[in-house]
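Please build the complete structure, drawing on both the sequences and the hints.
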Amino acid sequence: MTILVNRDTKLITIGFTGKQGTYHSLQSRDYGTNFVGGVTPGKGGMVHEGFPVFDTVSDAMAKTEANTAMIFVPPPFAADSILECIDAEMPLIICITEGIPILDMVKVKKAMLGSKSQLIGPNCPGIITPGECKIGIMPGHIHMPGRVGVISRSGTLTYEAVFQLTQREIGQSTCIGIGGDPVGGMSFIDLLRLFEEDPETDAVILIGEIGGSAETEAAKWIQRNMTKPVVSFIAGASAPPGKRMGHAGAIISGGDDTAEAKFRTLEDCGVTVARSPAELGQKMEEVLNAKK
Amino acid sequence: MNVHEYQAKNLMRKFGIRVLNGEMATTVDDAVAGAKKLGGKIWVVKAQIHAGGRGKAGGVKLAKSLDEVKDHATEILGKTLVTHQTGPAGKEVQRLLIEEGCEIDHEYYVGLVLDRNNSKVTFMVSTEGGVEIETVAAETPEKIIKVAVDSATGFSPFIGRKLGFALGFKGDQLKAATKFFKGLYELYMQCDCTVAEINPLVLTKQGEVIALDAKLNFDDNALFRHTEIEELRDPSEESAKELEATEHGLSYISLDGNIGCLVNGAGLAMGTMDIIKLHGGEPANFLDVGGGATKETVEEAFSIILSDHKVKAILVNIFGGIMKCDIIAEGVVAAAKSIGIKVPLIVRLEGTNVALGKKILEDSGLEITTAEDLADAAAKAVAAAAASKA
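Protein sequences, first through last, are from chains A and B. Note that the first sequence covers residues 3 to 294 in this note's numbering. Note that the second sequence covers residues 40 to 429 in this note's numbering.
Everything labelled a hint here was simulated from the structure, so no lab data went into it. Note that the Cβ used here is the ideal one computed from N, Cα and C, for glycine as well. Mixed in with the good hints there might be a few duds.
[Unchecked claim] Where chain A lies over chain B, by a calculated footprint (3+ residues, C-beta under 8 Å): (1) 322–335; (2) 357–364; (3) 386–393; (4) 408–415.
[Said to hold, decoys possible] BS3-like, lysine-lysine: derived pairs with alpha carbons at most 25 Å apart: (5) A/LYS112 with B/LYS201; (6) A/LYS118 with B/LYS159; (7) A/LYS112 with B/LYS221; (8) B/LYS201 with A/LYS109; (9) B/LYS244 with B/LYS80; (10) A/LYS21 with B/LYS363.
Below you can see the structure in the form of structure tokens.
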């Protein structure tokens, strides 16, 4: 089972023929993902690296029965690609592109309402169900199949957490980077709900950042609804206020969006907190041992 | 990206928002000439720096004669203003805005921002204008009224009425306020703002609704479609090193500590800073080399980190995803050879091509401390920085 992606996933890449699109599509295929083709407007009918290229997302879906799209389109055009996927009723859209204008994403968010699509990202590493399906830019080899879910706003910090788990021989069910932008697709809560319902997940690691209230909302949701243990780290305790730390979302704007405030809320809501990013694996091991 | 008040007001005029007439000046003579051109009997001399809190720091002064304009301009130009937003070093004033005066009846606060909870652009208004909105939010949150705008329908007159009535406007004032709110929303959407803040918006004794101050911030990711806004950039308002980093595709922010950090990914970069602090050290910077870094960008990153003379040790923490460890290793070696790294260098590599990366470092013959994991790396960097201080 696991969540969102597995052996039944059929993947196409939007922006397939570009350098990044090509590289990461082939990496996904090599990992074992069922990659079936790509979309690059104007290059329909072409065969690229042995895979068919289509002009539109609907064409690609009709011919390949793809149920998941990975987007590698440059930032000025990426929102348009997401909208095209929504229009084509693509069930799952994963947008890797970094640097999409915020107001473009505000429009996308509106279009998502009542649609048949789910969106992960943008500005994210993607999603992987170890041993079954890898969609995105994460290094596949650090992962190991297992029963811990990972959700994160950061890319490389997700790898760090996964690596620590694998070192301790704690495998992962599904790992998802939701992206660091202020407006994005699936939230912590959307994914926590899926993990809570997933019989193949026993516990979840949640990695957040300073800025915004997503972690606070997630903490409250966990307290009310989650029976599985959650371990969490919030990046940015050392960040000075008012400074944007790379991610558009990672800025303390006052109020309760500091790392300290989020740590406290998470603890109050029964989440196991790792104050250091180096302790995520160890904390998860402790939590799993306590559960036995 | 931020712009100055006078630039923001020029933009606002284009969207039909009522602002006072004003003249920008970079010299005392221009300031006096500007005041003459504006006419009237009363002027306000305003320091143009991006940071807020200028008034309290003595950067905004009322002049009742041209001599007073001259006196104030002489005093403020070249003065270093220290406000709660400039940091202790303050900011030197290089430009002034000379504005006509007006008779204020009441001051209001108006802000337009993205509400991340519902992904809607949202008005925040308050009858408590002229004071910091953070104070109002903390002490009397009920005095802040929020109205979200649906992106599909855009601005509708009821939004203006809702906001206007909430602020107590009546009759013609309400019409003027609605026009103002509509203009501000259109500016925000058409120019890709991230923040539009008018504090204060004033109602004059003559019943006019005027934006007395203006703070606009634009989405850096959208500047590609706004060359006219990009041209308003004032490089003197931005850190030279941060600008240099941006040009090389690096994200760099200078901090106060002595451990230089070179990391890939914003989250891991923040996490690395956090763990340095947990081990009792202080990071000298945030630096994200990003996913597309080359040997040259890594070299550039080192030269930026080393240009900060507080740096007593450098911690390289790379978790290769798109970024390959061998590329980083080559950059480290190249930087060591071309610019010379005289402070202890602690390197932690993991992920894509890690074996290759480690081999390049070993074969280089450079004095590099390798770290086993994140905690080990932080401990070694903190110890190295402490040792070299002694």
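Check: A/LYS118 and B/LYS159: Cα distance at most 25 Å?
Finding: Holds, at roughly 21 Å.
Checklist line | Given pair status - B/LYS221, A/LYS112, alpha carbons within 25 Å | finding: 21 Å, holds
Item checked: Pairwise hint evaluation, B/LYS363 against A/LYS21, where the allowed Cα distance is 25 Å at most -> Cα-Cα ~16 Å, so holds.
Next item on the list: Compare the distance between the alpha carbons of B/LYS244 and B/LYS80 with 25 Å, and conclude whether the hinted pair is satisfied.
Entry: The hint holds at about 17 Å.
Notebook entry, point to check: Counting residues of the stretch 408–415 of chain B that have a beta-carbon nearer than 8 Å to any beta-carbon of chain A, does the count reach 3?
Noted result: holds (count 3)
Checklist line | Coverage of the stretch 322–335 of chain B by chain A, judged on three or more residues with CB within 8 Å | finding: The restraint on the stretch 322–335 of chain B holds, since 4 of its residues have a Cβ under 8 Å from chain A and three suffice.
Margin query: Using C-beta distances, would you say chain A covers the stretch 386–393 of chain B, given that this needs three or more residues below 8 Å?
Written below: It holds: at least three residues are needed, and the stretch 386–393 of chain B offers 3 whose Cβ sits within less than 8 Å of chain A.
Notebook entry, point to check: For the pair supplied as a hint, A/LYS112 and B/LYS201, is the alpha-carbon distance within the 25 Å limit?
Noted result: 23 Å, holds
Note to self: Hint check: B/LYS201 vs A/LYS109, CA-CA at most 25 Å. Holds or violated?
What the structure shows: Holds. B/LYS201 to A/LYS109 sits at ~24 Å (cutoff 25 Å).
Notebook entry, point to check: Are there at least three residues in the stretch 357–364 of chain B whose beta carbon sits under 8 Å from a beta carbon of chain A?
Noted result: Since 4 is at least three, the answer is holds.
Checked against the numbered hints above, the structure violates none of them.
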